[in-house]
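Undergrad: Note that the protein sequences, when read in sequence, are chains A and B.
For the first sequence, the numbering used here begins at 1 and goes up steadily by one.
For the second sequence, the numbering used here begins at 1 and goes up steadily by one.
Because the hints were derived from the structure by calculation, they are not lab data.
There could be a bad hint or two in this list.
For each label pair, taking beta carbons as the anchor points, the in silico distance ranges come out as [as the list claims (entries may be wrong)]:
#1 Asp250/A to Ile101/B: 49 to 59 Å
#2 Arg193/A to Ile101/B: 49 to 59 Å
#3 Asp147/B to Lys160/A: 32 to 42 Å
All C-beta atoms in this analysis are idealised placements derived from N, C-alpha and C, irrespective of residue type, glycine included.
There are 2 protein chains.
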Amino acid sequence: MNSAGTERRVAFQGIHGAYSEDAVYKFFGEGIRTLPCAEFEDVFASVNKGDASHGVVPVENSLEGSVARVNDLLLEHDLTVVGEIIIFVKHCLIGHPDVEIEDITRVYSHPQALGQSRTFLSRYPQWEKVPSYDTAGSVKIIKERGDKSEAAIASARTAKEYGMKILKEGIQNSHQNYTRFFVIEKTASINPRGDKTSLVFATKNVAGALYACLGVFAEHSVNLTKLESRPRRDRAWEYVFYVDIDGHLDHPNVSGAITDLVRRASFVKILGSYRRAELPSEQE
Amino acid sequence: MNSAGTERRVAFQGIHGAYSEDAVYKFFGEGIRTLPCAEFEDVFASVNKGDASHGVVPVENSLEGSVARVNDLLLEHDLTVVGEIIIFVKHCLIGHPDVEIEDITRVYSHPQALGQSRTFLSRYPQWEKVPSYDTAGSVKIIKERGDKSEAAIASARTAKEYGMKILKEGIQNSHQNYTRFFVIEKTASINPRGDKTSLVFATKNVAGALYACLGVFAEHSVNLTKLESRPRRDRAWEYVFYVDIDGHLDHPNVSGAITDLVRRASFVKILGSYRRAELPSEQE
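Hey, can you work out the whole structure from these sequences and the hints?
TA: Laid out in structure tokens, this is it:
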């Protein structure tokens, strides 16, 4: 992290109040300046151009799976992963300051958040559910419309951000709803305090090639904690593999495994080393 | 496929016109009866209860990645995969029968389809973009509203289904937008004509366990065509692996590999064997 504290600004996708901004504050502290971006592409571009010192992007969610677009962008760009953040996703029903849950007739949110709150919403079959672009944006919409019978589903912090009221907290169906984020930076240096490393590789298109590539980790006693395939965007039905391993890139076992992997794979790209994030409790 | 032709009915998620229904027709032919379901859960339930003879569910998309909820449901249920379908996703701008593109001021669609048509939509910055639950549903919405300045983004077949007009065909940003579907059935028998097999396994939680499990495929000369990890819903930070391999389950190499895998893995679940689908051309 090569920026002075006062110059730091962290780009994220969404508007103020978004879960991604929660992740920014969790990693950098409440005082950090944030830069809301319309698209994931804009987060990467802001960090590349120096408009932001860092970016924070979601890479996987425990219920919805990996965020494909972000994983593609990590491969396309040369930014370095310097941190990992895990946040517990707790949806809240949010309304105008002086209303009660009985006053509500219409609820806005992203289709995914509406789906993740289905069990709660099924208790109010008379409510109209209206899809919107994102969770935080749905709070902004109901505030601007000013209709007190309308509510939105978003994070607790969004309610505070827009001066709105939490009518009901923790309305998500599952209490195993976690999102994992990467902190990205335009730097060539690997975070020296990392105890976990992420990389991407592609295999040459022969039977057993993936097994041969994974063999390097077993041979060097390096523990794989994640392995995921993504189709190659440039070649139909060939795959790239996203791998997380225990240990810093400078650890002799890790560097030994990578040295062997480079010889067996079609390409290898190190995303970065970083400190492992702890699984947060629901109370956070 | 154990149902008589006349009794067949295929469940899919969405309303008539959905891309999933395109996949149904591609596999079963245009004459098949279809059963629209609100949620993926309902597709699995319909097949389980016998309301439908088969279900068709999306498992991965070339741009958006795997469909996490469907992969979880394949693991939770005991339905058998008997077929694979790949369709090319071609978004169309759809309006009322007697309008031209110049008349449009507002466009409805699922946020993903709006995002996938961003390049085209950026030519019309004055258009209001309105998110909706699904692509086919957005055509139904504009038809019911009857406002001729409104358009929707969905498949060509949806326009036909609702008697609406295609204003512009193929407006998606990428021409590598494919969705892969599984055909599921309540049967204990493996499709004898399959040349590809899908299965799920979990590793015992020890270093090198994944490598040891994958070794069975290399040792038996079985080619892995896909490998994807998903978090275990019941155990935080443990993973299950979704694997596709070349060959039918009855092939001696495949059955040999599976026999060895069962000894090394925490569990193994065979999803089914099926005929490999061809990559469709854009013209379809």
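Undergrad: Look at each hint and say if it fits the structure.
TA: Checked hints:
no.	hint	in the structure
1	Asp250/A to Ile101/B: 49 to 59 Å	holds (58 Å)
2	Arg193/A to Ile101/B: 49 to 59 Å	holds (55 Å)
3	Asp147/B to Lys160/A: 32 to 42 Å	holds (37 Å)
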